[in-house]
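Using the sequences and the hints given, assemble the complete structure.
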Amino acid sequence: MSELTVLCVDPDESGRAAVREAFAGEDVTVTEAGSVDAARNALGPAVDCVVTEYTLPDGTGLDVAGAVREMRPDLPVVLFTNESPDRIRTDDREGVVVEYLPRDLPSAGESLARLVGNVVTERSQVGYPLPTAEDERLAALGQYDQPGLETAEAFERLTALAGSYFDVDVAFVGLVDAHEERFLACSGANWETLSREDSMCTHTILKDDAMVVEDTHADGRFADNDRLDELNIRAYAGVPLETPRGATIGAFCLTDDEPRSFSESDIADLRRFAAEAVDQLELRHRLSENDRLSDGETTDDGGGAQ
Amino acid sequence: MSVQRPTYGFEGLPIEPVEAGTNILVTGPALGGIRELTLRMLLRGSRQEGTLFIAADVDGPQTLTDYEGFGGSLDFVRTGVVDCTEDGVDNSECNVHAVGSPGDLTGVGIEFSSLYERIHANGAEHVRTGVYTLSPFVVYAPSKAVFRFLHTLTGRIRTADGLGVCAIDPGTVDDQTLSSLAQAFDGQVELREEGDERAVRIRGLADQPDDWQPVDLRT
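Each protein sequence line maps, in turn, to chains V and C.
For the first sequence, our numbering begins at 203 and goes up steadily by one.
For the second sequence, our numbering begins at 535 and goes up steadily by one.
By construction, these hints were calculated from the structure, which means they are not laboratory data.
Treat the hints with care, as some may be off.
Stated by the list, open to error - With a cut-off of at most 20 Å between alpha-carbon atoms, the simulated DMTMM-like pairs for lysine to aspartate or glutamate come out as follows: (1) 409(V) - 336(V); (2) 409(V) - 720(C); (3) 409(V) - 708(C); (4) 409(V) - 444(V).
Unchecked claim - Just so you have them, the derived chain V footprint on chain C, three or more residues with Cβ under 8 Å: (5) 597-607; (6) 628-639; (7) 647-660; (8) 684-697; (9) 700-710; (10) 715-726.
Stated by the list, open to error - Estimated spans, in silico, between C-beta atoms of each pair: (11) 461(V) - 659(C): 51 to 59 Å; (12) 592(C) - 417(V): 43 to 51 Å; (13) 721(C) - 429(V): 29 to 37 Å; (14) 345(V) - 553(C): 43 to 51 Å; (15) 429(V) - 626(C): 37 to 45 Å; (16) 205(V) - 744(C): 54 to 62 Å; (17) 393(V) - 582(C): 49 to 57 Å; (18) 659(C) - 473(V): 47 to 55 Å; (19) 246(V) - 717(C): 27 to 35 Å.
Heads up, the beta-carbon is just placed ideally off N, CA and C, and yes, glycines get one too.
Okay, structure coming up:
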C-alpha cells in the first residue's frame, strides 16, 4: 500500500491507540480527533480514509460521515465500534453509507488495516458510476493535464463559439479527474470545479459517444441532483474527449436552463468541437513530450511526426 | 506456475463457473422467473460456503422459505438475511436482521458488513451474496446513496473472494439508470421469457456461451 493518511476519530486515548497500533509498521500516517467538531476541522485534503468510533461527545460517527459527505464526498468512512448494528441510529443519515467493523472481533486491528486498504483502492464509497479502467484513465489524464500547457485561451475561444453557435447558456471543456471535474474553459458561467458525484460528465465519460439529456428532471440519473438546479442546468449535451490511445479524459459540453432537444446535426457539430479540443490537447501534449526528449530523456511514445 | 483460483459453480443452470470475487447483475421480468434464477444461483456448492441475502422486495422469512424450496440448505451459522422491507422484523432464530426501509442504505450497509463478518468468522471462506431486488433502493434512495451502497457491496465481495448476484427488473428503472448501475458489475445475466420458453444470455464474463441458452427454472 502506498502512503496513506487515516483520520482516526475517537474520544478515548485507548481507542485511538488501538487504531494507531493497527497501522504500525505500515506506510500510514494516523491523524487524530476526539469529536465530530474536531473531525470536521481535521478533514484536510491529505486525508485518504476516516476511521471513527460511533459514540462521540458531540454526536455520532454517522455525523462525522455526514460532514465527510459535505466536504470530501468521495472519502471512505469506516465505523469501527463495539456498538451492534441495531443500536446504531441511522435517522437523517440514511444516504451517507459507511463501512462497519466491530472492534471486538479477534484480530480486529488486522481486519481494520486490510479493510482501509481495500476501501481506498476500490474507491468503495463514491456516489457515482466508475468507468471500467479508471486507473488507466487517470494515468492518461495526468499526461494531458500538466501545468504550463496554456490551453485556456484556445478553449475560451472555442467554447464562446460553441455557445453562440448552438444558442445555449453555457458551453465548456471539462477534465474529469479522480474526485472532481475541472473546467479548462467555460463560456456563459464562471464554474471552476464540480464534484464528480454532481457532474453530468461523470456519466458522459462512461461511453465513447455523445450523451444527451433533454430534461434533467425526467432522467433517473439526475432528477434528484439539486446541484444541477443551483447551476441552472436543465438540458445537457456532451461529447467525451478521447485521446488517440482511447482514454476518455473529459468532455466538451453544452447546457441550458430549460429543457430542449439537440438535433442529429447539432450533435455531429458538437463532435467536431470536441475533436478540435482533443487536437489542441494532443498538440500540447506532444510539444511537452518533445521538450522532455530534447532534455535528453527518452519516452516510449513513438507517435510523433507523421 | 499457475494457481487455480477458486470458483463458484451453478448446478443445473447453463452458466459456467465464475471466478471468486465476481459480481453479476441479473436482469429480467419480475414475473418471468428472475426470482427463481437468482435463488438458484445462490445455492451453495458445498457446506463450507455461506449465503447472505439482502431482501428488499420480499421479506426475510419468505426469502428463506423460497430458497429452501429450491433445495437450499438453511444452516443459520452460515446463512443470514438483511431484511430491508418496510415491515421486516429481527428474528435471531433464523439470522434475519431488519433495517426497516429500503431507503436507509446506511443501515443496510452496516447490517450487510456486520453479517458478512460473522458468516466469515463462522468458517465460511466463500460467501454467495444475493440482492433481490435493487429496484426498491433505486426508487426510495437518492442515486448517490445507491452508488455508494453498490460500490461498498461489490467491493467487499470482490476483495473477500465472494460471489455477488444482484437482481433487477429492467421494467422498474429507466434504461440510462440501468446502464449506469450495470457499470458496478463484472457481467450480466439476462433472462427472457417467450411463451413457456425461458432462456438466459451472459455478457461480460469470461468463458461463457455467447447465445441464448434455454433454462428450466422449475424446482
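Here is how each hint holds up against the structure:
no.: 1; hint: 409(V) - 336(V); verdict: holds (13 Å)
no.: 2; hint: 409(V) - 720(C); verdict: holds (16 Å)
no.: 3; hint: 409(V) - 708(C); verdict: holds (17 Å)
no.: 4; hint: 409(V) - 444(V); verdict: holds (10 Å)
no.: 5; hint: 597-607; verdict: violated (count 0)
no.: 6; hint: 628-639; verdict: holds (count 5)
no.: 7; hint: 647-660; verdict: holds (count 4)
no.: 8; hint: 684-697; verdict: holds (count 6)
no.: 9; hint: 700-710; verdict: holds (count 3)
no.: 10; hint: 715-726; verdict: holds (count 3)
no.: 11; hint: 461(V) - 659(C): 51 to 59 Å; verdict: holds (52 Å)
no.: 12; hint: 592(C) - 417(V): 43 to 51 Å; verdict: violated (34 Å)
no.: 13; hint: 721(C) - 429(V): 29 to 37 Å; verdict: holds (32 Å)
no.: 14; hint: 345(V) - 553(C): 43 to 51 Å; verdict: violated (32 Å)
no.: 15; hint: 429(V) - 626(C): 37 to 45 Å; verdict: holds (43 Å)
no.: 16; hint: 205(V) - 744(C): 54 to 62 Å; verdict: violated (45 Å)
no.: 17; hint: 393(V) - 582(C): 49 to 57 Å; verdict: holds (54 Å)
no.: 18; hint: 659(C) - 473(V): 47 to 55 Å; verdict: holds (50 Å)
no.: 19; hint: 246(V) - 717(C): 27 to 35 Å; verdict: holds (30 Å)
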